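Q: Heads up: the sequence lines are chains U and R, in that order. So for the first sequence, this note's numbering puts the first residue at 1; every next one is plus one. So for the second sequence, this note's numbering puts the first residue at 267; every next one is plus one.
These are calculated hints, taken from the structure and not from any lab test. Computed from a predicted structure; not experimentally measured. It is possible that part of the hints are untrue.
Quick list of in silico lysine-lysine cross-link-like pairs, BS3-like style, CA-CA up to 27 Å [what the hints assert, rightly or not]:
{"hint": "1", "chain 1": "R", "residue 1": "Lys342", "chain 2": "R", "residue 2": "Lys313"}
{"hint": "2", "chain 1": "U", "residue 1": "Lys155", "chain 2": "R", "residue 2": "Lys313"}
{"hint": "3", "chain 1": "R", "residue 1": "Lys342", "chain 2": "U", "residue 2": "Lys155"}
{"hint": "4", "chain 1": "R", "residue 1": "Lys416", "chain 2": "R", "residue 2": "Lys313"}
{"hint": "5", "chain 1": "R", "residue 1": "Lys342", "chain 2": "R", "residue 2": "Lys416"}
Here is how the chains run, residue by residue.
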Amino acid sequence: MTNDAGEHIDEFTLHAALDGELDAIATMRVEQALAANPALAARYEALRALRAAMRQFAANDRAPDALRQRMEAMAGDDARHAPPMALPRETRRWRLSLVAALLLGLAGGGSVMQFVMREKSEPTRLAMLMVDDHRRALLAREPIDVASSDRHTVKPWFDARLAISPPVVDLAAQGIELVGGRADVVEGIVAPTLVYRQREHLISVTALPSPRFTATPAALSTSGYEALSWSDRVFVYWAVSDLPRADLDAFALVFQRGATANENAR
Amino acid sequence: MTDSRRGPFADLVLPHLDGAYRLARGLTGNAADAEDVVQDACERALKGIGGYAGGDARAWLLAITRNAAFTFMARKRPGSLLLTSNSEEAERALEDMPDEAATPEASLIARADAAALERALASLPIPFREIIVLREYNDLSYREIAEMTKLPIGTVMSRLARARGMLLRALMPDRLGRTAP
Chain U
1 MTNDAGEHID EFTLHAALDG ELDAIATMRV EQALAANPAL AARYEALRAL
51 RAAMRQFAAN DRAPDALRQR MEAMAGDDAR HAPPMALPRE TRRWRLSLVA
101 ALLLGLAGGG SVMQFVMREK SEPTRLAMLM VDDHRRALLA REPIDVASSD
151 RHTVKPWFDA RLAISPPVVD LAAQGIELVG GRADVVEGIV APTLVYRQRE
201 HLISVTALPS PRFTATPAAL STSGYEALSW SDRVFVYWAV SDLPRADLDA
251 FALVFQRGAT ANENAR
Chain R
267 MTDSRRGPFA DLVLPHLDGA YRLARGLTGN AADAEDVVQD ACERALKGIG
317 GYAGGDARAW LLAITRNAAF TFMARKRPGS LLLTSNSEEA ERALEDMPDE
367 AATPEASLIA RADAAALERA LASLPIPFRE IIVLREYNDL SYREIAEMTK
417 LPIGTVMSRL ARARGMLLRA LMPDRLGRTA P
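Could you build the full structure based on these sequences and the hints that come with them?
A: Have a look at this one:
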């Protein structure tokens, strides 16, 4: 699509114009292109109608009254005046202690909450999250969202749905079977997780995008599970299993070798 | 009127309850789930999870709500973070750049009812859905979306363009054949 001056107006620029994200000069160029090109103008009008329809929908969609009243009750508790809805005493005491913590946190410019949150070191905290995800997956009907022993199935599956995918390593030669993949959520980030099976033990390998997550080689055992972390240029990996420590170490080693081999084969 | 007697939770959270609810509704695709998510998000907010330390209270609550929605979906609907009602469409959309040929008439879109719009939105894979919901339901700028999702701004732009392309395609006349002949 070109305007009078023969300049190309790409799709992103069109959207940015719609969203008011362009400066005056760029906006003027888009206006010229719209005036000169009916197809582009039709596209722009359709996008504008879509945007109007979505905003109309959102404007009509307010938090339901019941929800608002419950939250106002929570806020009432917060300010320590009689809540509109009576809460069991245990709950109230628990909430008041949270309110106290919040107030302290605000008074201290957040430093108190920071301390509470950082009490556990970053790797320990992450390891426990990983172990929780692994256990939750074991409790689910299927510990995986896609079942396949073929890495050429699992990798595109991640690519298509998460827009990122970790290296998927074929470890069949080492007696480790690829079971499939699933999506975990770690601190609000959707993280691809590979699931392998060695003998009767499942191994979850979660790939967290760096630099969002910092790479700290770490190992930890908790509630009967071993967790182990390593990293490459793109991901911080966490492997969790009920395998013995030595076996999980060995798994991590062959996985890393396989990932490097994949990379070099590209 | 009672504001002077209210604590920080009321001041920080209640003004942004509608926004949090819209985000949750857009992400989960239904009203009942959105209520659960917002309730959870408010409880998290009250606990101070998310580490509010001054700044934009709305962005803070939206970030907590987004996390709560992801956790909710991962638990209640395993696989839903990935699988869409029409995964074939999603894959095609990922391969294609926005398709200018798939442009329905603006007047047709203006007539699309809320249910059709919500269905179309629910058919988008989450990575695309969340960007357009943050943009249109919550009116965040590209930069604010990039900060919240920790994505590069270029990725925000491409996902937004693709999300809109997918929505336009989903609202094409042949898809609406039953409701708008």
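Q: Each hint: holds or not?
A: Here is what the structure says about each hint:
no. : hint                 : verdict
1   : R:Lys342 to R:Lys313 : holds, 23 Å
2   : U:Lys155 to R:Lys313 : violated, 38 Å
3   : R:Lys342 to U:Lys155 : holds, 25 Å
4   : R:Lys416 to R:Lys313 : holds, 23 Å
5   : R:Lys342 to R:Lys416 : holds, 25 Å
Of the numbered hints given earlier, the model fails hint 2 alone.
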